[in-house]
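Going down the list, the protein sequences come from chains A and B. Every number in this note's numbering is 1146 more than the matching position in the first sequence, counting from 1. Every number in this note's numbering is 1146 more than the matching position in the second sequence, counting from 1.
Quick caveat, the hints were computed from the structure, so don't treat them as lab data. Quick reminder that beta carbons are idealized off the backbone N, C-alpha and C, glycines included. Heads up, a few of these hints could be off.
Unchecked claim - Heads up, simulated DMTMM-like pairs for lysine to aspartate or glutamate below, C-alpha to C-alpha not over 25 Å straight-line: (1) Lys1162/B <-> Glu1197/B; (2) Lys1557/B <-> Asp1545/B; (3) Lys1589/B <-> Glu1597/A; (4) Lys1194/A <-> Glu1150/A; (5) Lys1589/A <-> Glu1321/B; (6) Lys1408/A <-> Glu1536/A; (7) Lys1262/B <-> Glu1461/B; (8) Lys1358/A <-> Glu1197/B; (9) Lys1269/B <-> Glu1266/A; (10) Lys1212/B <-> Glu1597/B; (11) Lys1546/A <-> Glu1508/A; (12) Lys1385/B <-> Glu1266/A; (13) Lys1401/B <-> Asp1513/B; (14) Lys1385/B <-> Asp1429/A; (15) Lys1531/B <-> Asp1458/B; (16) Lys1557/A <-> Glu1196/B; (17) Lys1593/B <-> Glu1584/A; (18) Lys1385/B <-> Asp1272/A; (19) Lys1556/A <-> Glu1249/B; (20) Lys1385/B <-> Glu1443/B; (21) Lys1269/B <-> Glu1597/B; (22) Lys1239/B <-> Glu1263/B; (23) Lys1385/A <-> Glu1170/B; (24) Lys1208/B <-> Asp1582/A; (25) Lys1589/A <-> Glu1597/B; (26) Lys1589/A <-> Glu1324/B; (27) Lys1385/A <-> Glu1324/A.
Said to hold, decoys possible - Residues of chain B clear of chain A, computed beta-carbon distances all greater than 10 Å: (28) Val1200; (29) Lys1231; (30) Lys1239; (31) Ala1333; (32) Ile1343; (33) Glu1435; (34) Val1441; (35) Asn1464; (36) Lys1479; (37) Leu1505; (38) Glu1511; (39) His1519; (40) Lys1533.
Chain by chain, the residues:
Protein chains: 2
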Amino acid sequence: MNDEAVLLTLIDIFGKNAVLFDTESRNKYGIDYTQYYSPDPVAVVFPKNEEQLVSLVQLANKLSLKLVPSGGRTGYSGGAIAAFKEIVVSFEKMNKILSFCEEDRSVRCQPGLITKELQEFAKTKDLFYPVDFASSGSSQIGGNIATNAGGIKVIRYGLTRNWVTGLRVVTGNGEILELNNGLIKNATGYDFLNLFIGSEGTLGFITEATIKLIEEPLPQKVVLFSLNQKNHLLNILNKCRTLRYLSAFELFSDKALQIVLKEQSLTMPFSKSAPFYVLLEFDSTQENETLLFDVLESSLSSQSIGDVIISDSIEKANNLWKFRESISLSLRKYIPYKYDISVVPSRIIQFMSEVDGFLEKENQEIDVIWFGHVGDGNLHLNILKPKTMEKEKFFTYCDKISTSIYELVKKYSGSISAEHGIGLLKKPFLSYSKSDTEIAYMKLIKKLFDENNVMNPLKLV
Amino acid sequence: MNDEAVLLTLIDIFGKNAVLFDTESRNKYGIDYTQYYSPDPVAVVFPKNEEQLVSLVQLANKLSLKLVPSGGRTGYSGGAIAAFKEIVVSFEKMNKILSFCEEDRSVRCQPGLITKELQEFAKTKDLFYPVDFASSGSSQIGGNIATNAGGIKVIRYGLTRNWVTGLRVVTGNGEILELNNGLIKNATGYDFLNLFIGSEGTLGFITEATIKLIEEPLPQKVVLFSLNQKNHLLNILNKCRTLRYLSAFELFSDKALQIVLKEQSLTMPFSKSAPFYVLLEFDSTQENETLLFDVLESSLSSQSIGDVIISDSIEKANNLWKFRESISLSLRKYIPYKYDISVVPSRIIQFMSEVDGFLEKENQEIDVIWFGHVGDGNLHLNILKPKTMEKEKFFTYCDKISTSIYELVKKYSGSISAEHGIGLLKKPFLSYSKSDTEIAYMKLIKKLFDENNVMNPLKLV
Chain A
1147 MNDEAVLLTL IDIFGKNAVL FDTESRNKYG IDYTQYYSPD PVAVVFPKNE EQLVSLVQLA
1207 NKLSLKLVPS GGRTGYSGGA IAAFKEIVVS FEKMNKILSF CEEDRSVRCQ PGLITKELQE
1267 FAKTKDLFYP VDFASSGSSQ IGGNIATNAG GIKVIRYGLT RNWVTGLRVV TGNGEILELN
1327 NGLIKNATGY DFLNLFIGSE GTLGFITEAT IKLIEEPLPQ KVVLFSLNQK NHLLNILNKC
1387 RTLRYLSAFE LFSDKALQIV LKEQSLTMPF SKSAPFYVLL EFDSTQENET LLFDVLESSL
1447 SSQSIGDVII SDSIEKANNL WKFRESISLS LRKYIPYKYD ISVVPSRIIQ FMSEVDGFLE
1507 KENQEIDVIW FGHVGDGNLH LNILKPKTME KEKFFTYCDK ISTSIYELVK KYSGSISAEH
1567 GIGLLKKPFL SYSKSDTEIA YMKLIKKLFD ENNVMNPLKL V
Chain B
1147 MNDEAVLLTL IDIFGKNAVL FDTESRNKYG IDYTQYYSPD PVAVVFPKNE EQLVSLVQLA
1207 NKLSLKLVPS GGRTGYSGGA IAAFKEIVVS FEKMNKILSF CEEDRSVRCQ PGLITKELQE
1267 FAKTKDLFYP VDFASSGSSQ IGGNIATNAG GIKVIRYGLT RNWVTGLRVV TGNGEILELN
1327 NGLIKNATGY DFLNLFIGSE GTLGFITEAT IKLIEEPLPQ KVVLFSLNQK NHLLNILNKC
1387 RTLRYLSAFE LFSDKALQIV LKEQSLTMPF SKSAPFYVLL EFDSTQENET LLFDVLESSL
1447 SSQSIGDVII SDSIEKANNL WKFRESISLS LRKYIPYKYD ISVVPSRIIQ FMSEVDGFLE
1507 KENQEIDVIW FGHVGDGNLH LNILKPKTME KEKFFTYCDK ISTSIYELVK KYSGSISAEH
1567 GIGLLKKPFL SYSKSDTEIA YMKLIKKLFD ENNVMNPLKL V
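The following block holds chain A by itself, in its conformation from the complex (with noise of 0.2 Å):
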C-alpha cells in the first residue's frame, strides 16, 4: 500500500480532522527535546480512544507499518523521534481525568494528561502527586509511565513506578490488557505492569492509567549552599540524611550556575563562587531546623561549605529552585550532548573525577557541566559544542568519546540511562549497562508482545 492509501484508512480510523500530514504538523510531531534527528513522520493521528488504537495496531501488523507513541516530546534520548517514515500516535487528545476516588486516594486518567494538570488536581483534593521535574507542564502521564520518569523528589518518592496502580494497554499485537486494577497488594502472577513502565513505548500503547496519590508534604524548606570540595558531598550527604524527610539533594556545577545566571538573567547568589552547589529539601519542622544547623556548623567550621542560603518563604524557597531547575533549559541554545548516568551514591565521587580526568585529557576545549539528582547516585553529564565545531561534527565527536564515558560507568557498574530511557540515541550504548544474556531476553520479550516489531521499532532493543 503507498503512503496515501494508507492515509486515506487512518482517515477512516480516526476522522479527518485528527490525521494530520503536513509538512509543519509531521516537523512539530516528529521529534522530542533531542536535538539530534530529522523528523520524517508519514502522518500524525490522535486517538479519541482504546478502540481506534486497537484498530490501528491491527492495521499496523497488516501493512507493517511502524508507530510511534508521542506524548509530550519532552524526551532526551529520541524515544519518541519519528525519522524513518513511521506513523506518530499523539495523546493529545486523550488527555482527561476519568475518575477520581477519594478512599482509595486514586485518579484514573487517560495518558496524554500532563503531569502539571495531575499535581494541580491533586491539590484540589488536599493531596499531593509527588513526581516532579523542570519538564511536568508539557510531559504527559503516559510518556513518564513509558520512561518511568524520575525527577527532583526521587530520593524521597521514588521513581513513576511507585505511584502507579493500574494500566490498560494495548499490545503490539493487538490485544488488550488490564494491569493490575488499580490494586495495592496483588500477588498472582509476573508483573506485567512493571513491565510495561519504563518499556518506552516498544511494547505496546497505554490506554488508561490509575495513579495513587498521597497526603501533601508539610511546608518545604529549601537550602543552597556552595560547596568547596566535591569531596565533602558525601559525608553531607549522609549528615542531610537525617533530616525527616529529606524530599531533594541536587548538585550542580559552578559552570552550570554561570550559564543559568547569563540564560535567566539572574543574580548571583553567592559572595563568591565555588567549585559546587548543593540545593537540598525538606520539611520545615522545628527539629529539622536544628539538625540542619548542626550539619551546617560543623560543615562550616570544616570548610567543606561556603555560602549558605534558606528560605524563609515559598517564594524564596521556587527562587532557589530556579538555579538548578533552569539548568537544562538554558543549556539548550548551546547544543549540548546529555548523559544521563546513575551509579550508587558511595561512588559518585570518584566516579566524576575519572570521568573529570578523562575528558580534560581529551580536549580541553570542550565545556563539562555537571549537575544532578545526586542523592539517588543520578547524574546529568552534559558537554557543550565548542563554537567553532560543526554541529554534526561535534555529535559524530561525542559519540566516539561516549564509548569511554560508558566503558567508566561500566566499571562502576553504573546506568547508562538513569531516568531518559534509551530510545534512538543509547541503543548503541546499551550493551555497557545490560549483559548480552540480559538483552537477548529483552529481544524475545519484545517479540512476544509485539510479534511484527510494529510498536516503537528501532527504539530500545
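On the provided structure of chain A, position chain B as indicated by the hints.
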C-alpha cells in the same frame, strides 16, 4: 536415570552432607504452612554458592528434574510444597549478609537470610528494614522476594518490591542475570528485576539480593479500638490517613479476637465486645496526638467506635499488636481454609457484606474469620473446619465454595492472592484475577526463562 543415580549426582555437586533424603528431612522440607498437601520430594539439597545452583539447573535440564526453591516455608499457597518427586533446594546455608554500605544505605545478602536478622542488622546501623509480618522470625529474604511479601506496614512502606534494588538470579535455562546492580535509577530497558520479584521461583533461583534500608521511624504509637459497625470503617480510615505517618491500619473480627484470647491465654482488652476491632500505628508526635483525639472524639460521639486503648510504652504497644499478630498462629489448630484477598479499599465493606451473605446462606455451621491489612484493601478471610467434618471433606467443600467467593473477587476487580502468591493452592483459580490473554502471556514468559519447566513446575502457571 533412577532416583539413586540422581542422588549420587546431587552428592557430586553438593557434597555428602548437603544432600538429605531420609524420610524426616523429606517431610520437613517438603511442605510449607499450607496444610493441604503431603510432601514427597526425592531429596533436599543445601547449596552453598551460585556455581552449585548453576550445575543443578543444568543437571535438571538434562535429566528433566523438578526443582523447588525453599525458603522459610511460611507460605500459605503451597509455593514451596514438594509433593511430586521434586528436589527441594533449601537456602538455609546461603543465609549471610555479604556487605553493607552506609552511604548507599544498602545491604547485599544471600537469599536464605532470615527477615528478622535483616531487621536487626539494620537496627545496629541506626537504619530500618520496614517489611514486617508475623513470620519474620523464620521467613527468608529470598522467599519474601519470590512472593513479593507485604505484611503489616505496606500502607506506609509498600511491598518487598520497593526495597529490592538488585538481584542476581540463575534462570531456569541456567544463565546468570545480574539485575539492576543496586541502582536507584536505571531506565535501560525492560524491568526484569520486578519480573523476578513475585515470580514464586518459577523463573529461576535468586542467588543474591541488594536491599535498601531507610532511617528508623520515630517512636510509634499504637491504638486499638472497637468498631461498632463495619460501615464506619472507611470514614475512620480516611480520617486516620491525615496522621503523619500512618504505618498500619488493621482490622479483625470479634471471632478472631476470641480465638486469640483462648489460644494465647490473653485477657479481653475491652469492657465489652464489638463486631470488629481496629489497630493503628503511627509516629508518636504531638501533632498526631491532637489529630488522633479529633478522630476519636467524632467517632465516639457518633458511636462508630466503642472502647479505645492507646499505648503509652513500647511494651504496651507490643501487647496491643499481639491481639492482631497472633491470629494466624492461633487459627492453625482449627484447620483454616485461608483466603488472601484484596480489593481497592473503597470497596472493602461492600465486598465483605456480599461474602458474608453468601457464606451465611451456604453453611451456617462454618466459622468465618475476617482480619487483614484493610488500609491496603487486603483481607485475610479464614473459614474454619467444623469439628464434625473430616479434613479431606472440608477442603473439597472449600474448593467448591472458593469458586463462588472468587466470583465475587472478580466482580469487585480484586485479587485472589494479595500477598500469599498463587503456588499450588490457587493455581486453579488464577483466571478469577487474570484474563486468558494475560495468563497466556505468563505461560510464554515462563517458557522463555525456563524452557524445560524445571523451576517449581506445577506452581503459578
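Now the hints, each set against the structure:
1. Taking the CA atoms of Lys1162/B and Glu1197/B, the gap is about 17 Å. The hint holds against a cut of 25 Å.
2. Using a Cα cut-off of 25 Å, the hinted pair Lys1557/B and Asp1545/B holds, with the two alpha carbons roughly 19 Å apart.
3. Straight-line distance between C-alpha atoms of Lys1589/B and Glu1597/A comes to about 16 Å, which keeps the hinted pair within the 25 Å bound.
4. A threshold of 25 Å between alpha carbons decides the hint, and for Lys1194/A with Glu1150/A the separation of about 22 Å falls inside it, so the pair holds.
5. At most 25 Å may separate the alpha-carbon atoms for a hinted pair to count; Lys1589/A and Glu1321/B meet this at roughly 16 Å.
6. Taking the CA atoms of Lys1408/A and Glu1536/A, the gap is near 23 Å; set against the 25 Å cutoff, the hint holds.
7. At most 25 Å may separate the alpha-carbon atoms for a hinted pair to count; Lys1262/B and Glu1461/B meet this at roughly 19 Å.
8. Under the criterion of a C-alpha separation no larger than 25 Å, the hint pairing Lys1358/A with Glu1197/B is inconsistent with the structure, at around 42 Å.
9. Straight-line distance between C-alpha atoms of Lys1269/B and Glu1266/A comes to about 39 Å, which puts the hinted pair past the 25 Å bound.
10. Between Lys1212/B and Glu1597/B the alpha-carbon distance is near 13 Å, which keeps this suggested pair within the 25 Å criterion.
11. About 11 Å separates the Cα atoms of Lys1546/A and Glu1508/A, which keeps this hinted pair within 25 Å; it holds.
12. Restraint check: the Cα-Cα separation between Lys1385/B and Glu1266/A comes to about 22 Å, which is no more than 25 Å; the hinted pair holds.
13. The straight-line distance between the Cα atoms of Lys1401/B and Asp1513/B is roughly 8 Å, inside the 25 Å bound, and the hint therefore holds.
14. For the proposed pair Lys1385/B and Asp1429/A, the alpha carbon gap of about 22 Å is at most 25 Å, so the pair holds.
15. Proximity of Lys1531/B to Asp1458/B is assessed by CA-CA distance (about 39 Å); at most 25 Å being required, the pair is judged violated.
16. At most 25 Å may separate the alpha-carbon atoms for a hinted pair to count; Lys1557/A and Glu1196/B meet this at roughly 22 Å.
17. With a CA separation close to 16 Å, the supplied pair Lys1593/B and Glu1584/A stays within the 25 Å bound.
18. Straight-line distance between C-alpha atoms of Lys1385/B and Asp1272/A comes to about 13 Å, which keeps the hinted pair within the 25 Å bound.
19. For the given pair, Lys1556/A sits about 20 Å from Glu1249/B by alpha-carbon distance, which is consistent with the 25 Å threshold.
20. The suggested pairing of Lys1385/B with Glu1443/B holds, with an alpha-carbon distance near 12 Å, which does not exceed 25 Å.
21. The straight-line distance between the Cα atoms of Lys1269/B and Glu1597/B is roughly 42 Å, outside the 25 Å bound, and the hint therefore fails.
22. For the given pair, Lys1239/B sits about 14 Å from Glu1263/B by alpha-carbon distance, which is consistent with the 25 Å threshold.
23. A threshold of 25 Å between alpha carbons decides the hint, and for Lys1385/A with Glu1170/B the separation of about 52 Å lies outside it, so the pair is violated.
24. Restraint check for Lys1208/B and Asp1582/A: the C-alpha separation of about 24 Å stays at or below 25 Å, so the hint holds.
25. Under the criterion of a C-alpha separation no larger than 25 Å, the hint pairing Lys1589/A with Glu1597/B is consistent with the structure, at around 16 Å.
26. Of the supplied pair hints, the one linking Lys1589/A and Glu1324/B holds, its CA atoms being roughly 17 Å apart against a limit of 25 Å.
27. Proposed proximity of Lys1385/A and Glu1324/A is contradicted: the alpha carbons are some 44 Å apart, above 25 Å.
28. With a least beta-carbon separation of about 13 Å from chain A, Val1200/B lies farther than 10 Å from that chain, consistent with its non-interface assignment.
29. Every C-beta of chain A lies more than 10 Å from that of Lys1231/B, the closest at about 25 Å, which supports listing it as non-interface.
30. Every CB of chain A lies more than 10 Å from the CB of Lys1239/B, the least distance being 27 Å, so the non-interface label holds.
31. With 10 Å as the threshold on Cβ separation, the claim that Ala1333/B sits away from chain A is violated: the shortest Cβ distance comes to roughly 5 Å.
32. Residue placement check: Ile1343/B does not keep its beta carbon more than 10 Å from all beta carbons of chain A (closest about 7 Å).
33. The Cβ of Glu1435/B lies farther than 10 Å from every Cβ of chain A, with a closest approach of about 16 Å, so its non-interface assignment holds.
34. Residue-level check passed: Val1441/B sits 14 Å from the nearest beta carbon of chain A, beyond 10 Å.
35. Against the 10 Å criterion, Asn1464/B stays outside the reach of chain A, whose nearest CB is about 24 Å from its own CB.
36. No beta-carbon of chain A comes within 10 Å of the beta-carbon of Lys1479/B; the shortest separation is about 26 Å.
37. Against chain A, the non-interface label of Leu1505/B holds: every CB pair exceeds 10 Å, the least being about 22 Å.
38. No Cβ of chain A comes within 10 Å of the Cβ of Glu1511/B; the nearest lies about 31 Å off, and the non-interface call holds.
39. Not every beta carbon of chain A lies more than 10 Å from that of His1519/B, the smallest distance being close to 8 Å; the non-interface claim is violated.
40. Lys1533/B, annotated as away from the interface, keeps every beta carbon of chain A farther than 10 Å; the closest lies near 32 Å.
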